[in-house]
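Turn these sequences into a full structure, and let the hints guide you.
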Amino acid sequence: MRRTFLQRLALCAVSAVFGSSAALTSTAAQAQDSFKIMIGANPGGGYDQTGRGLGKALQEAKAASSVTYENKGGAGGTIGLAQFVNATKGDPNAMIVAGAVMVGAIVQNKPPITLENATPVARLLAEYNVFVVPANSPFKTMKDVVDQLKKDPASVKWGGGSKGSVDHVSVGMIAREAGVDVAKINYVPFKGGGEATAAILGGHVSVGTSGYAELEEFIKAGKMRALAVTAPHRLLGSNVPTLLEQGLNVSIGNWRGVYGASGITPQQRQKLVDAVTRATKTKAWSDAVGANKWTPALLTGDEFARFVDEEHARLRALMVKLGMV
Numbered sequence: 001m002r003r004t005f006l007q008r009l010a011l012c013a014v015s016a017v018f019g020s021s022a023a024l025t026s027t028a029a030q031a032q033d034s035f036k037i038m039i040g041a042n043p044g045g046g047y048d049q050t051g052r053g054l055g056k057a058l059q060e061a062k063a064a065s066s067v068t069y070e071n072k073g074g075a076g077g078t079i080g081l082a083q084f085v086n087a088t089k090g091d092p093n094a095m096i097v098a099g100a101v102m103v104g105a106i107v108q109n110k111p112p113i114t115l116e117n118a119t120p121v122a123r124l125l126a127e128y129n130v131f132v133v134p135a136n137s138p139f140k141t142m143k144d145v146v147d148q149l150k151k152d153p154a155s156v157k158w159g160g161g162s163k164g165s166v167d168h169v170s171v172g173m174i175a176r177e178a179g180v181d182v183a184k185i186n187y188v189p190f191k192g193g194g195e196a197t198a199a200i201l202g203g204h205v206s207v208g209t210s211g212y213a214e215l216e217e218f219i220k221a222g223k224m225r226a227l228a229v230t231a232p233h234r235l236l237g238s239n240v241p242t243l244l245e246q247g248l249n250v251s252i253g254n255w256r257g258v259y260g261a262s263g264i265t266p267q268q269r270q271k272l273v274d275a276v277t278r279a280t281k282t283k284a285w286s287d288a289v290g291a292n293k294w295t296p297a298l299l300t301g302d303e304f305a306r307f308v309d310e311e312h313a314r315l316r317a318l319m320v321k322l323g324m325v
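Its first residue numbered 1, the sequence shown is counted upward by one per residue in the numbering used here.
Don't read these hints as lab results, they were simulated from the structure. Since the structure is predicted, the reported quantities are computational estimates derived from the model, not experimental observations. Warning: the hint list may mix true and false statements.
What the hints assert, rightly or not - Straight-line distance between alpha carbons at most 27 Å, and here's what the computed DSS-like set of lysine-lysine pairs gives:
hint, residue 1, residue 2
1, K163, K150
2, K281, K56
3, K293, K281
4, K157, K72
5, K72, K321
6, K281, K151
7, K281, K150
8, K150, K140
9, K163, K151
10, K157, K56
11, K223, K110
12, K150, K184
13, K110, K184
14, K62, K321
15, K321, K293
16, K110, K89
17, K89, K56
18, K110, K151
19, K293, K283
20, K143, K223
In structure tokens:
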């Protein structure tokens, strides 16, 4: 059997660190021109935080003189991906943020342009989601949610990322565990974390899910109630119980990384890999990782490409099992 992403994470991270040392030495003094980073989501969510955090780190590492950003949300990032691929062919200083959300959207929506039309550069991080409800919600625990889901699936309105995202898949996994037809889930997809957060705070959805760091400030302020995390264990510094603890056999993680433009040379790709690797060694990146409770998960080049291929196959198999494709 294939090892899961989380089982491979430690081994991959170690190999990435030691395997990149020679490249770091050869490019340490080189500075790139201005970078362009496409963010396939609206402002305020994990993709946005990743892209802008990386841009700041690239500048601190002297790998970029400046960085410009473009947000283009919709369809799990595949609208932004199509624009990126069509507009940047051969551009050695263009990158797009990608991740499990985009892979899931590609599996479900089968767009004409996929990640195969771009150049894999690096996986950067992993994270877990949290399920929350508005502070005034009648749901006090995940059991309350599941009990209502069993009674009337349509009455529980879930809010999260695009269809096919880790958010969506995790809701499907909960429904399956509860013995509820996944096709009856009332799921509302949003183009970005900011929109999803507003919907949760406004009571427009019954239950919301996103990366823990995106919602932490609202949880701590008492504006949202955290019911469960999707991790196999409680997150560091948090007492929110896992879904596993609450009798639901659901554990699923998220990851994000970057791709370069199509049509760049192997040498240009390696420069991007080196620049991103240098960026992950900066204080700016370390601060972003800590603030967002991300898990560093650097994996570059061909190893990253193989990882994405395996993730595509794994997510597709899971979504087929859930009846989502």
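Going through the hints against the structure:
With a C-alpha separation of about 22 Å, the suggested pair K163 and K150 falls inside the 27 Å cut-off, and the hint holds. For the proposed pair K281 and K56, the alpha carbon gap of about 12 Å is at most 27 Å, so the pair holds. Taken as a hint, the K293 and K281 pair is honoured in the structure, with Cα atoms around 17 Å apart against an allowance of 27 Å. Note on K157 and K72: the hinted pairing holds, with a Cα-Cα distance of about 26 Å set against a maximum of 27 Å.
The straight-line distance between the Cα atoms of K72 and K321 is roughly 31 Å, outside the 27 Å bound, and the hint therefore fails. Taken as a hint, the K281 and K151 pair is broken in the structure, with Cα atoms around 50 Å apart against an allowance of 27 Å. Simply put, K281 and K150 have alpha-carbon atoms about 48 Å apart, too far for the 27 Å limit, and the pair is violated. A distance of roughly 16 Å separates the Cα atoms of K150 and K140; the hinted pair therefore holds under the 27 Å criterion.
Of the pairs offered as hints, the one joining K163 and K151 holds, with about 24 Å between alpha carbons and a cut-off of 27 Å not exceeded. For the given pair, K157 sits about 37 Å from K56 by alpha-carbon distance, which is inconsistent with the 27 Å threshold. A threshold of 27 Å between alpha carbons decides the hint, and for K223 with K110 the separation of about 37 Å lies outside it, so the pair is violated. Only pairs whose Cα atoms come within 27 Å are accepted, and K150 paired with K184 is accepted, the gap being roughly 11 Å.
A C-alpha spacing of about 22 Å is found between K110 and K184, which places the hinted pair at or below 27 Å, so the restraint holds. Only pairs whose Cα atoms come within 27 Å are accepted, and K62 paired with K321 is rejected, the gap being roughly 46 Å. A hinted pair counts as satisfied when its Cα atoms are at most 27 Å apart, and K321 with K293 does not qualify at roughly 30 Å. Taken as a hint, the K110 and K89 pair is honoured in the structure, with Cα atoms around 21 Å apart against an allowance of 27 Å.
Taking the CA atoms of K89 and K56, the gap is about 24 Å. The hint holds against a cut of 27 Å. With a C-alpha separation of about 33 Å, the suggested pair K110 and K151 falls outside the 27 Å cut-off, and the hint is violated. Distance check on the hinted pair: K293 and K283 sit about 15 Å apart at the alpha-carbon level, within 27 Å; holds. Distance check on the hinted pair: K143 and K223 sit about 20 Å apart at the alpha-carbon level, within 27 Å; holds.
Violated hints, in rising order: 5, 6, 7, 10, 11, 14, 15 and 18; the structure is consistent with all others.
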